[in-house]
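**Q** If you want the building blocks of each chain, they are given just below.
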Amino acid sequence: MNVMTSIDRSAAEQRNTMRSLPLRNTKNTIMTLLMGGALLAVLFPLGLIFVHIVKMGLSAISLDFFLHIPRPTGEVGGGMANGMVGSMVLIAMASLMGIPVGIFGAIYLSEYGGSRISTVIRFCADVLSGIPSIITGMVVYSMLVVPMKGFSALAGAFALALIMIPIVLRTTEEQLKMVPTSLREASLALGVPLWRTTLKVTLRSALTGVMTGILLAIARIAGETAPLLFTALGNQFWSSKLTQPIAALPLQIFSFAIAPYDDWHRLAWAGALVLVVTMFALSLTARYFGRSGHKN
Amino acid sequence: MSDVTASHRWKIEKGLSGDFIFKAVTVLFAFSILVILMLMLYEMVSQSLPSLRKFGGHFITGMEWDAVQENFGALPFIYGSVVSSILALLLATPLAVGTALFITEIAPRRLGGFAASLVELLAAIPSVIYGLWGILIMTPWLQQTVQPLLQKYLGFLPFFDGPAYGVSMLAGVLILMIMVVPIITSITKEVLMAVPRSQREAAIALGATRWEMIRMAVLPYGKSGILGAVILGLGRAIGETMAVTMVIGNNPQISLSLFSPAYTMPSVIANEFAEASSPLHSAALMNIGLLLLVITLIINALARLLLWSMSRGAARGTKL
Chain A
4 MNVMTSIDRS AAEQRNTMRS LPLRNTKNTI MTLLMGGALL AVLFPLGLIF VHIVKMGLSA
64 ISLDFFLHIP RPTGEVGGGM ANGMVGSMVL IAMASLMGIP VGIFGAIYLS EYGGSRISTV
124 IRFCADVLSG IPSIITGMVV YSMLVVPMKG FSALAGAFAL ALIMIPIVLR TTEEQLKMVP
184 TSLREASLAL GVPLWRTTLK VTLRSALTGV MTGILLAIAR IAGETAPLLF TALGNQFWSS
244 KLTQPIAALP LQIFSFAIAP YDDWHRLAWA GALVLVVTMF ALSLTARYFG RSGHKN
Chain B
43 MSDVTASHRW KIEKGLSGDF IFKAVTVLFA FSILVILMLM LYEMVSQSLP SLRKFGGHFI
103 TGMEWDAVQE NFGALPFIYG SVVSSILALL LATPLAVGTA LFITEIAPRR LGGFAASLVE
163 LLAAIPSVIY GLWGILIMTP WLQQTVQPLL QKYLGFLPFF DGPAYGVSML AGVLILMIMV
223 VPIITSITKE VLMAVPRSQR EAAIALGATR WEMIRMAVLP YGKSGILGAV ILGLGRAIGE
283 TMAVTMVIGN NPQISLSLFS PAYTMPSVIA NEFAEASSPL HSAALMNIGL LLLVITLIIN
343 ALARLLLWSM SRGAARGTKL
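Which chain is which? The protein sequence lines are A and B, in order. Taking this note's numbering, the leading residue of the first sequence gets 4, the next gets one more, and so forth. Taking this note's numbering, the leading residue of the second sequence gets 43, the next gets one more, and so forth.
What the hints contain is simulated information worked out from the structure, not anything from laboratory work. Think of the CB as a built atom: it goes at the ideal place given N, C-alpha and C, for glycine as much as any other residue. There could be a bad hint or two in this list.
Said to hold, decoys possible - Covered stretches of chain B (chain A as the covering partner; in silico rule of three or more C-beta atoms under 8 Å from a C-beta of chain A):
(1) 102-109
(2) 245-254
(3) 275-289
(4) 294-304
(5) 310-317
Construct the complete structure from the given sequences, taking the supplied hints into account.
**A** Written out as structure tokens, the structure reads:
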């Protein structure tokens, strides 16, 4: 009985599929069009954003933008020079803190670590990279800003470093693991101590890949705004000390965009153009490094 | 003779001590990551203690957010975060999966590669720039064009009720959708590329059309991985701060209408934390941060588990 029905059913199914070949083809065409449509629907708003940034940014940008700091409310003109310099300072300091931790941590994971401890640390890095950046900002606020009794460039850079570390760590580890063991063995057989082998042979052969990871991490933190809100805070003027609040380009874009003045909106667009061009340049360079690394 | 041995031994010891120092440094840095994470979790919990003590479970169900009366409840923010993220994902998922399928299964290799790198480049645009575009271009367009149209034809639904401000739940949903699509697309693309060729060839050999191949061989194989990608997108959406803050209107209310302004957990932190009026106010904001942290940790763990099970399955599949 059971066998009969199952045969019946399969026969019915077969007839069904045989009969509907044109139908199946039509369905295939429709779905293909839908998938192509999805691609267009995804690229359209993103392209629109890009076009707006270029159009509005180009019309607003001028030499003044790079040379001056924001004017007081109501005055026309001014630029975001302090924001750009501030961002560079923050990125440089964050890199100084974050890159060594990421690279040496990765060396531990790939060259030394026992499998269980490595898994734990890798898991921690994954968790760290999943934490919303605004929470990183809150934590740094209570760890650094409150004890130091003030917002500071230092706290901002530390928050950015926390975001950098997991990115650098995971990309470096992957690159180190791709270095063939025979290379390490050859160096060790020549009597080179393990630590020199690691630095001069293993890390050096993975260098292009590591650079890619670092550039991607920098591109990521260059646009981060949320973790700077309660750490670097932003500054209308130049800041001379690392213990003072410091301006940053993303922070300025944010505060100018939500302000009710057209002239500030223009500056925000110009800032957005600078930021996007910088980030595209960084990620294109990173891709170039990545590609030349793979060819080798 | 003994001189040589001595110098040799000295060299070996020096080498060993160099190794020791180097290893110590790597251990130090590696474990600092663990310490940092523990510190962050500790800091979040200890700073929200005053609020946890005072409000306890009522914090999650409380509707009031009153800094003057020091009465804090987080429900409107939880509602805003959850609803905006889930709606954004409902819109983003079909688009992202369709795009990923088009890139991996249909487009010629070069076109697919080009589209993929375009999507990846766009995924790198910072949140604040989406926010800038959202507040200066999208919300005026919503207010003047989209909302009147929706009201005219679908105004009888409770979702399209009320005056059109531009800044609204609708704006938040749309900007989140635009932002998570590239992320889901690029992870889904990786997942689909991990589906073994043999699966596709088997389906084609049985006479399947390309869509049937996708439906019967590719999608079932990549199911858990795609789900992982979507959940990872959810984690991103729920923690997203700047762009949403700029367009969602920042008004702590629970309303069915997509036209009314709303508020999310990260937004209230971004707006109020630096100028918290009292210790309890900042503890309450920390408490929201803690909630957000716990939610994102659970979401990310789930997503990684799904992606990991997919990659294990794929590894087994290629071996067979």
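**Q** Each hint should be assessed against the structure and marked as holding or not.
**A** Outcome of the hint check:
no., hint, result
1, 102-109, "violated (count 0)"
2, 245-254, "holds (count 4)"
3, 275-289, "holds (count 7)"
4, 294-304, "violated (count 0)"
5, 310-317, "holds (count 4)"
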